[in-house]
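Visitor: Here is what each chain is made of, one letter per residue.
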Amino acid sequence: MGTVTRAKGTPKVKVSKREPETGAKNPADAVATTKTDVASGIRFSPQERRGLYAAARYLTLPVEQKCGLQIPFEVYLQDPMLAKARPKTAFDKKFYVDWEPGLADGPTSARFAVVDYNGDTGHLAPPAQWDDKLQRFVIDGRVLNEHSTDTLQYHQLNVWTLVQRALAFFEEGSGLGRRIPWGFEGNRLIVVPHAGYGENAFYDRRSKSLQFYYFGSEKDTVYTCLSTDVVCHEIGHAVLDGVRPYYNESVSLQTAAFHEAIGDISAILMCLRNNAFRRWLAETTEGDLSRQNPLANIAEQFGQAVEGRPYLRSALNKDKMSTIAGSGSPHRIAEVLVGAMFDILIRLADYYTKMRGRSPLQAFWDVAARMQKMALQPLDLLPPVDVTFRDYGLAVIRVEQLANPADPRGYREMLIQVFREREILTPEDEEELNQQEYLYDRQPFSVYYAIDDILRSRAAAYRFLNDNRDDLLIPGGQDFVIADLYEAHKLTRQAGRMPRQVILEYVWREEVPLNGPQFGRFDGQLTNMLCGGTLAFDDTGNMLWWTRKPGTRGKIDKNGQIDKRWVEEVKAGQQRRAEFMADVAAHIAAGRVGTISGSEKGLLGTRVPPITADGDDGTVQFHLSPHLRVSEEHDEAELGERQWEISC
Amino acid sequence: MGDKLLVRAYNVGCGDCIYIRIPNESDGRHILIDCGKKGDDALLKKALDDLVQNELPSAGGGKKRLDLIVATHRHEDHIKGFNPDWFKNIQVKHIWLSAAMDPQHPQAEKMRALHQFADHAMKEMKAQGVALSPEIELLASLYGVSNDIADQCLMKDLPAANEINPSYVHAGMSSKDLGVDLDDATIHVLGPEKDIDRYYLGEEADTSLRSLHGIAMAFKSRSTPAADKVPTNISAADFHQLQSRLLSNGLSFAEKDSEIQNNTGVVLLLEWRKRRLLFVGDAEWAGEFREGKQNGSWNVMWEKQHDKLLKAPIDFLKIGHHGSINATPPPPDHIRRSAGARSRGQGPSVKEILDTILPLPKEGKKPRAQAITSTEREFYNPIPEGMLLVELGKRVASTRNYRKALKAKGIKEESIWTSPKAMKNHFFEKYEEKFLGELQPLRTDLEHLLNPDKNFVEVEIAA
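Protein chains in written order, with my numbering: chain A, 5 to 652; chain B, 78 to 540.
Same shape as in the complex, but just chain A:
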């Protein structure tokens, strides 16, 4: 296994074998069949467990569970409201989380630190305690389980297990197949389960935190930290910020919407992956997901409490790009993509039940496994800046093609159809996709580099890019930055191994003056538009994918004209720039741009604008603000200036 090359020096990639044995007769039973409670099973000393842990990648799931390398926790399946309504499926009692050395009070693990601080009271709640003997989290000696749900420590544990599993979901072989960094420097994301009173939950890069608030009355308090959907949605933001940190600087509504969509998509998929949920879903729907069902209903308790509706959003929508045109709400726009992915999910479920004769339960297992790869693996192929739904759609199709080139069952056509129906892909896109003849395009590079020479270090990768600058259509007149360089080990169907992937992302900034009254108070200032590209290779050096976001500067030839090979690129870059400026103007016109103000003891959150503008001395930088207010009503509400100050 190669070493991942990153400037910060991450450890070896662990490919965890979560997938069940391919030989299992009934995949639904692949989860621990032993009735013996792990705690009373085989006992290992801490040292022995560490030794086993190092070899965990070679162990199967049931063995891991038996050895205590996977710890079962009891967590709310969906949220307390549904727990009350459906007591039989209130809890998932065998919600497994990987053991790691160094689990500590908090809970604290390698990637997360739960800090139960309440901003309203200025108080800290005692942390859930890790009991090494029992190998469980406890409070005052009592193991935290479904009987301790009224304790704050149970909440801490609930949210921690969810985010641990969610990160593993993205990192494992069926996901991206690599360790994912956060969007900030450092390894631990702070999780605040009871940040204060409010209908809010958000990810904040600046404080490296996920903050969950609570609302409602004293008797009927709704804790966002206990809602599986809300937690998954927020951790989706955090993960995407790590996978593509430059999306945070985008002014494009589609990029903001993509952030929302990933959160919802991963919430749905993680739900489906949950054995207890899946069993119940199979019973309830009998395999038919095309009618209203709990999987499609996102954040039910939240929706009920905030909007008085049974759910917050539904993946069972029929939105297309044209029907949401003109909307200023990223949540609204996101519904098109979430709907599209749910379409795929339905078609797969349909196919497995009707054409392959699987039972609903088996079919849902297959769908869960397939969709995880289909939805998450394309993330590595996305451009480093300014993603559109179309970028994602094309990446989904490409990932499927690479995993399944022969495609005897016609998955490719199904995907194209779904994205066309939603107008995420154009007729021209469809035509081009149907005309593709070869699996790999001819490489554009004039200067050959062996794959390991690129991967060796960022400095080596810089050299590769520079030597091939012309061919890569990176303008000569300015420097660029390597956004990321990594290798991934993805799995394909039936836990088959894909060849190692090497991904290289590069970006540069193009200065854009904002001149004109349409830029309001930014008239006369400078901002910049991010440009760049993502290159993906496989082990033998085949170029798997190359996607670009061009700028407007091209190579000039001897006659002072734009070089032939750059003409298309520059045209595309000019279009991007025009859209960029239109987007900025639209945000300003709608009053969506502002600053966040606050104090040492907290932010003034009531009017956090969707887009924050920072900067001094004539340059302004736009960022997506940490998003608040999951409910729709507040989404479309425009800002007003605060009565005592208009932010500037």
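Calculated directly from the structure, the hints in this document are not laboratory data.
All C-beta atoms, glycine included, are put in the ideal place defined by N, C-alpha and C.
A few of these clues could be false.
Below 25 Å or equal to it, Euclidean Cα-Cα: the simulated BS3-like pairs (lysine-lysine) are [what the hints assert, rightly or not]:
hint : chain 1 : residue 1 : chain 2 : residue 2
1    : B       : Lys203    : B       : Lys170
2    : B       : Lys531    : A       : Lys223
3    : B       : Lys442    : B       : Lys486
4    : B       : Lys507    : A       : Lys223
5    : A       : Lys223    : B       : Lys297
Label-pair ranges, simulated between beta-carbon atoms [claimed, not checked]:
hint : chain 1 : residue 1 : chain 2 : residue 2 : range
6    : A       : Gln296    : B       : Lys501    : 40 to 46 Å
7    : A       : Lys88     : B       : Ala204    : 40 to 46 Å
8    : B       : Lys507    : A       : Lys88     : 37 to 43 Å
9    : A       : Ser221    : B       : Pro529    : 42 to 48 Å
Which residues of chain A face chain B? A partial, calculated answer using Cβ under 7 Å [to be verified]:
hint : residue
10   : Gly123
11   : Arg210
12   : Ala589
13   : Glu604
Fit chain B to the known structure of chain A by using the hints.
Guide: Leaving out everything else, chain B in the frame of chain A:
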């Protein structure tokens, strides 16, 4: 005395200190609406001295007579100057305060709870020496100790010294009802509505506040103050950063309270011999009127009075909130966009307000109405809002082209806003330069520059 009504706005920087003199057969009627400003109070004292020495009639016993004091709302830029010492030699006949300030008012209970919460939170922050961003500093200044002194002065000290009781006024009342004799003038109170909680608070704010308190108590019983016990799984620096990035309910409720104070301020329509003068304090407009929600004062007034007291043009407007964009009902779209103002719920009714009370003059005619802005661009970058002033300049007669006027006096416009804050925030280039060449209603800051000896701007209204 003459037979003209006088409105005088003293130059008190960013604040209001408005004197009205209504002529009659003897020594006239004298009214003071607000006496406050942001920052230090020297100019307030100067204004009051001028009033006492040069304007108010004798009341006997070495005192001067002031017929009516109105304090529109409890923000420092309106009440800071109500210092018992300064009013020692004034006999005050009547004091009007907003019903929202009445400690006994049953329909303002929830609003009071909000105010107390905000007051407590902001004072705690100050006491702890918590670092505040500049915008929050401004918010905090609305909860200062000087405010408490002024409150006390208006509600207790001044009434006691003059052996009167303050009147807590609300919409529907008039000077006649309240026993204030203004000869042939009547003042109608247009705002606030009596049912304060219903119109201005909104259900959400109320339930949030109560629940917040209840749940917070439950939390407190199961945890310890962070001051006593820091988290052990993150660094102190990370914890500090985290605290500054949580949402502060203290701040958000303080902001809400501050808005509500503005919107529950006293709004007066003075009718004198067919002339109508509107004094709006800091009343805000906010989209449209919505039942059960937090509403702006203009919205509520329009809802109630568009077919009654507000259905005809007015002759004078005391421009709201020192020329802020959200204190005069919506000007045309391009102004709102420029200032990033609220665009929620832009129904036809909201657009109608300005066109009804200050219509654009017909082709070839000149406007008759007058208006003054009592302002100074120092504390809030976009106050006053240039495009709004230009729009109002088209609708009133009391205007000036300040570019020409300043030039005539040999004053360089680039040299006016040169404090460090003004330079850093480009006051001149961003907020003034484009508008100085257009007609603006008279504004106290620039008028004072043109006439340093004069400490006020005044207009006379003929019958």
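Visitor: Next, verify each hint and record whether it holds.
Guide: Each hint, compared with the structure:
About 37 Å separates the Cα atoms of Lys203 (chain B) and Lys170 (chain B), which puts this hinted pair outside 25 Å; it is violated. Between Lys531 (chain B) and Lys223 (chain A) the alpha-carbon distance is near 62 Å, which puts this suggested pair outside the 25 Å criterion. Restraint check: the Cα-Cα separation between Lys442 (chain B) and Lys486 (chain B) comes to about 30 Å, which exceeds 25 Å; the hinted pair is violated. Restraint check for Lys507 (chain B) and Lys223 (chain A): the C-alpha separation of about 51 Å exceeds 25 Å, so the hint is violated.
A C-alpha spacing of about 16 Å is found between Lys223 (chain A) and Lys297 (chain B), which places the hinted pair at or below 25 Å, so the restraint holds. The beta-carbon spacing between Gln296 (chain A) and Lys501 (chain B), approximately 56 Å, falls outside the hinted interval of 40 to 46 Å. Between Lys88 (chain A) and Ala204 (chain B) the beta carbons are some 43 Å apart, a value that agrees with the proposed interval 40 to 46 Å. A hinted range of 37 to 43 Å is violated for the C-beta pair Lys507 (chain B) and Lys88 (chain A), which are about 56 Å apart.
Taking 42 to 48 Å as the suggested C-beta distance range, the pair Ser221 (chain A) and Pro529 (chain B) does not conform, at roughly 60 Å. Residue-level restraint check for Gly123 (chain A) holds (minimum Cβ-Cβ distance to chain B is 4 Å; threshold 7 Å). With its C-beta approaching chain B no nearer than about 6 Å, Arg210 (chain A) sits inside the 7 Å limit, and its interface hint holds. With a least beta-carbon distance of about 10 Å to chain B, the hint placing Ala589 (chain A) at the interface is violated under the 7 Å criterion.
Look at Glu604 (chain A): its Cβ gets to within about 5 Å of chain B, closer than 7 Å, so that hint holds up.
Of the numbered hints stated above, those contradicted by the structure are hints 1, 2, 3, 4, 6, 8, 9 and 12, listed in ascending order.
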